[in-house]
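**Student:** If you read the sequences in order, they're chains P and B.
Under this note's numbering, residues 1 to 441 are what the first sequence spells out, in order.
Under this note's numbering, residues 442 to 1026 are what the second sequence spells out, in order.
Derived from the structure by calculation, the hints contain no laboratory data.
Any given hint might turn out to be false.
Derived coverage of chain B by chain P (criterion: at least 3 residues anywhere in the stretch with Cβ under 8 Å from a Cβ of chain P; other residues may be distant) [said to hold, decoys possible]:
| hint | segment |
| --- | --- |
| 1 | 540-549 |
| 2 | 736-748 |
| 3 | 858-865 |
This one's a predicted model, so the numbers in the text were calculated from it and none came from an experiment.
We put the beta carbon where it would ideally sit given N, CA and C, even for glycine.
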Amino acid sequence: MTTKAFQKIYTKINQITKATCTLKAQDVGYDELALIDGRLAQVVKIAGDEITLQVFQGTNGIPTNAEVVFLGKAPTLKVGEELAGRFFNAYGDPIDGGPPVEGREVEIGGPSVNPVRRKQPSELIATGISGIDLNNTLVSGQKIPFFADPDQPFNQVMATVAMRAKTDKIILGGMGMTYDDYLYFKNVFSNAGAMDRIICFMNTTEDPAVERLLVPDMALTAAEYFAVEKNEKVLVLLSDMTSYADALAIVSNRMDQIPSKDSMPGSLYSDLAKIYEKAVQFPEGGSITIIAVTTLSGDDITHAVPDNTGYITEGQLFLRRDSDIGKVIVDPFRSLSRLKQLVNGKKTRADHPQVMNAAVRLYADASNAKTKVENGFDLTDYDERTLSFARDYSDKLLAIDVNLDTTEMLDVTWNLFAKYFNPDEVNIKASIVEQYWPKEV
Amino acid sequence: MATKGKVSGVIANMVTLKVDGPVAQNEICYIETGGDRLMSEVIKVAGEDVYVQVFESTRGLKIGAPADFSGHMLEVTLGPGMLSKNFDGLQNDLDKMKGVFLKRGEYTYPLDNDRLWRFEPIVKAGDKVCASAWLGKVEENFQPLKIMAPFTLEGEYTVKSIVPDGEYRIIDTIAVLENAKGDKIDVNMIQKWPVKVAMTNYVEKLRPFKLLETGVRLIDTLNPIVEGGTGFIPGPFGTGKTVLQHSISKQAEADIVIIAACGERANEVVEIFTEFPNLDDPHTGRKLIERTIIVANTSNMPVAAREASVYTAMTIAEYYRSMGLRVLLMADSTSRWAQALREMSNRMEELPGPDAFPMDISSIIANFYSRSGYVILYNGEQGSITFIGTVSPAGGNLKDPVVENTKKVARCFYSLEQERADRKRYPAINPIDSYSKYLDYPEFEKYISERINDQWIPKVNELKTLLLRGKEIAEQINILGDDGVPVDYHITFWKSELIDFILLQQDAFDQIDAVTPMERQESIVNRVIDICRLDFKFDNFLDVIDYFKRVINLCKQMNYQVFESDKYFEYEKQLKELIAERTNA
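Just chain B, with the same shape it has in the complex (with noise of 0.2 Å):
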């Protein structure tokens, strides 16, 4: 018989509870008031006192309040139907919700029960079968998906039956199953996984290489991410992280897109399910939105939910990854989610960390960041997930203990920096202080040469060694004047400024220059390199701020070109022409 409790204390959304039987931590449970049933989670047991985290507004509840518990841990109910839902921190789904505002207590199913899906088997009867395994195809929104022997099978299987090519709905028996002893299971279309359990249902975890493209040059030239590769976004508010957030989740070259709004602004949200619905998804021409799946719990819903829905978003990624899929994750903000945290274990009264965050803050972060990555499947076949979080720092302090614990298992680190937002310099990622290890992985190397060529990398590092030599530079003549350092030293300085004007700087609201394909990346790289490889001769530094400023504008130009049109031809003559003034070329 299932465990019953009865509440004992309240405070905000905490709740203790007495119980009459056995209780798992972070098993679920339901507390009933004023007819409302609130999901709560287990947290802490101690003794007789059970602490729960109640995922609603705990109003009205009053000591005696009865809850039964589930027996099983906060789950996601995984299958076809899920790409363009918006769902919240547990999965339910928003749009099903009746009325303006949230309801206490109201759960929505994640699927369709009733809709029919064309499924194609994979197996037939007879194969052999393991967790996993692929059993057959259904088509949602072009992508091609798989229905997946369930995730939970120990040993393995033999394909008993299996229905044929045909029509059917995500709770109808497509497969038997059987196991060596005889035990038979009945397999539809629908898996139940526990968030906070990492899906393992694959043979080996691969170091990452093949580029992820994101059309945002700052990351693709200067500091690229990988499929499977883990990235992460601190910076202090207003310098941009949404907005680039927006773009990578709009323009990289992923299967499907989650995006987990995390105790962030509802607007934000709204105008991912405003403008992907219209917005074509560059790779493949069709809607952006087709491939997305948001889970919002935005920071005026509850806060413990919060906590869950990176949780949740991480686990529908998992589910995709084993069916081979490119799945990219971006979190907004993974700071909101350890705040949250915070919260709780503030009100549990346990000893504090770093400002005040819980002690294990670094391991919960290192574990999560770990469940992403680039995977060899059971059947040889490749999958990956890609993380990308972004971290809100207190007073824009990169000491902050999210900051300095996601620095220690993220492999790129993309700052954005209040000064570059500043001077409106966007993408305000600091082109110094950034980095993204995948740049010395031989793997990468090796990729990229193939793809590009073997001097894209050191033509990426001679480009970095100038931006820091210019801002060296810039410095000096900040304290000398203008006047105080050789002439050479502002040829150099604005070698650097014309990287970063044409390379670095990108606006993310022009329909041309926001998203740059490699090709033409690769075309920005060498016109920038060719020029600052170039002697100029300069009598005084005023011709040299003029001139450069015309070089800059000519490129900016360029930049707002079509690829290669009249136009862009145009300027690059009249380019030509500029560069061949102060040059032996």
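If we strip away everything but chain P, and leave its shape as in the complex, we get (with noise of 0.2 Å):
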């Protein structure tokens, strides 16, 4: 489509600033592609005969004589099997040196699946690290991101979740990644020997901003091409969304929009919604799971992004560096997963809700006994236990470098409960601490 005959060609822009182009023209769409001098650019307003275009790469350099021509189309990708090993930039160009691929081109960004479309999700996925698997289970369809500081070791989490979850496509949207943490991905992704079953878009630290725009919905489109007409289970690993919404800012500001929280334009609850509403579990099978970081500065989650994603998102994981054990944890307060119920006690163990909250509840009560010692407090008894129980909690299972299946899981607690407590202090439903009580400690 890209050369219809006679195509018009614009040579006079009238505007032009760091992110945007505006020249008069006829018969465009909105959302239409456009060439500026070769670079892509995407139609934003439309006033009459005057088109605002934003420009992917920036306008440096672009002079008000540029040559322009629109495309007649929204931007596309083109989906088939091939896509499974291939590597490409935010265009859905390859950058990996491999040949264009062939396949059916459709239009990225489409419509929302119909809810009653749609199929509860319930299926486990398992991670073998168990402050996710224990207390917050993740389940196929999900979407859920990791809420972390830069310096925190997220990536290899994900990577390490994305090696051990069963799943037919890993694809990996990288919006803003630094080259290494790239190398990184596609170092962990052959080492494996999963190749085969990556996809990876990527914008690094290296490319233009605006340009990771297009980078989530080029992920979801080959996501939902597997999902929809391969009945594939598909997990998308999207990082970073802040470096997505902080591209959205720049556009925004640039068409002089009135910004509300944080900077961020008005619309920014409904354009990350769009993106993570394409997790879906189908009812013949296919699924698309996404596992995002959203990073945060200074902790601070009421940030517009982190504070509209977790809105948006079925729960968030928080790592925590645990100075006792010196080790990085998932951090069992802050972290939830929403959809864990669909799953804990049905497609785990019985006794796994209440093990769960029974033992997230000890170790707020060693939170609780760490403040009494920070004040200079004497600790009772059960203090000091509680104190013991976290220390070994943090380091058996909420530790990231642990890798055990749940049933392994709610033994391990079900020991150190017999360790530091009377079955009457756990708080769980008597038949239960009957049934799974370890006899001898």
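These two chains come separately, so use the hints to put the complex back together.
**Tutor:** Okay, structure coming up:
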């Protein structure tokens, strides 16, 4: 479609900002793509015959007499089995030296799934990391981000999860990812021999910021192809959504929109929801699960990006360095998987929900005891026991280097209960305590 | 002739049109592009330019695309056949849509014109009727629905004829009405009503007083909501807003439950229509889905239709209220609706109010909440709409404009709190900040005295005082240390913990604990109060902690048992023995 006969070429740009160009043109559709001196741009505003284009690479060096050609279509991706194992840039062009993908061309950012055509997610995704599997179980069709400070090892945990999860395809969408992290992912995937299951759309910090606006839609369009047409289980990794939101803010700022909280556009919630809501479980077995990263600045979750994200996603995972054991753990207080009750005690052993809650409650008691220590108060015997419990619990279960199956995790927790507490201190239904309380320690 | 227009500008879902005739504010028009007809609503007129918000994606829309004006506002089609349906925000029947993905420009009819309904007349020829008068009865999912005279009738009409008992389609004429001037109207079972206009087809609105049981103890006992009342649930994400809303919609003693999923997660809607067909209505024993209507405009569906969805849901609620039914309307979340207004106001370059929300956000919220209520109909029957909205404040900050403006109009405030949620104390409703103004209504006091007893409200207040005292002591212990306060303080603190663990905390996922009928709530309140009123003897605080943990554990085990079962009494016996250990009782 790029080579329409007698394609009209415009050569007079009236207005140029850092991210947009405005010119007079006719017969242009909203969201349509254009090439400005070979750079890709998209229509973001039409006012009469004045067309405003958002230039993905930025407008550096664009002259007012640049050649502008409209392509008559919204951004597209060619989908097919051949996508598997390939690495692309934000436009869907190969960056791995391979040939272009042949396949059906589909518009990215397509329509939403009719809610009545969805199925309730019910399949557990086991990761072996018990801070996730035990306390915040993931379910296929879920969307969940890591809320993390930039210095935390979220990319490593994400790569571990991706390699251990039983999925048919893994799609990595990189937005403002450092080149080093990109190479890290590439290494992990190839060392695990998983290259044939990987598809990657990458915008690194070396690429223009506005380009990354295309990445999630590219990744999810590929995901929808495999989930809908091939009934495959697809895991989509998006890192980092805060960089994506920053790019949104840049564009809306250049278009003179009134910013709302934290200089973000007023439509941030809808913009993020459009991406995350692509996570879905289909009745035919295909699914899209999204694990994303939202980097925080100074641990502030009330900032507009994590705040809006939290309202959209089905929970969030927090990492924290536990100084008592010198390891990074999955924070049991602030992390949450909203879909866990769909599998806990149903796809896992029946005692799972109660054991999980009891352990977190005792861990909370330990943190109260810690406050007492900090304030110079005496500890009770119970306080001492919760502190010992918390140390073991953190080390044996919450640490991200753990790799157990869920039944083992539950057994380990019961043993810790028995080591430090009496049955009536754990506040679990009597019938469950009778069944699972370790007989001898 | 209908007005026509042509597209002259596009920014996302805001489109400007040049028109050739008169248009009305909020009028609906259809813009044609690439074979699709995009439904739009007029939101501003400036000279020849008409600004419309499009309820669909505007991708590919070009200058000059033609638009047809419909001559009416956004309206819903009302009649038998809506129960257990899944509608989108514009009342399209989602199940009738083809394909996995929502197709742009596909609109589906909300009712079924072919289905036969057993109609039984209420009036007879010669009777005088007015707008909304009950003409006949139709049963749907065991709900006695009324077929009413058109809501738009003016003045008095005489029934010229009415069909006898029998089976009819909703499009069949069931009655002919005539006014004094001799104008005749054929009436079928379908009504239409513009969603943004409140139905005022009642004689008067009363102060509500009847308890609406929800089975959630923190609500029913401490902060009761009433039939026809209003409440709202603000809370940061992850504090259990949705679980609480679902509990209320499952358990509330209402005839019809309408759930407006407004800009929220699609999986939450899926949960409703996966689970409700299998769940029993605790009050009738029928399936929950039979009394439920879902209006789903999830967060990824077009933003403008999100705004419409809450109005659509409210109008459907008003329809059932006119039949004398008790309707419960839940909207999750009203913040998303306010955000939709903000997005549009922003694109129209209006001067922003607080947090970039439109300036009139307070009056929009107030008008919406006031459409609920407990009313007396023209024939003396009563109907009610109880409205509970959730609010998702930005950053969990209760100074958010949507929270502040909602607080001015909603009478119950259920404040979900991060700290309680972090400590897994669910439902995470803050027992001290939350309130129900209905507790102060003399009408409610009279009602509850008759239903339970005249000691109820004093007891509830006693519990609230103890909880507050407990919180104050907890702060003192934090500052002074366990040893720094008298043992009595520990006893009082643990009494408040007992109330918290036994009465306030409730396991929404446990079959028995999830729903507590009023009778059982009364028994729990009495037990807790009796313990709290006792004088306990302790020498040191360690014994207090250990002792009360055992008391709490026993009471908790009782909560998990079938009410007054053998196991229940067994635990009660153990509890009595334990209490006797430390008191003179």
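**Student:** Flag every earlier hint the structure violates by its number, smallest first.
**Tutor:** none
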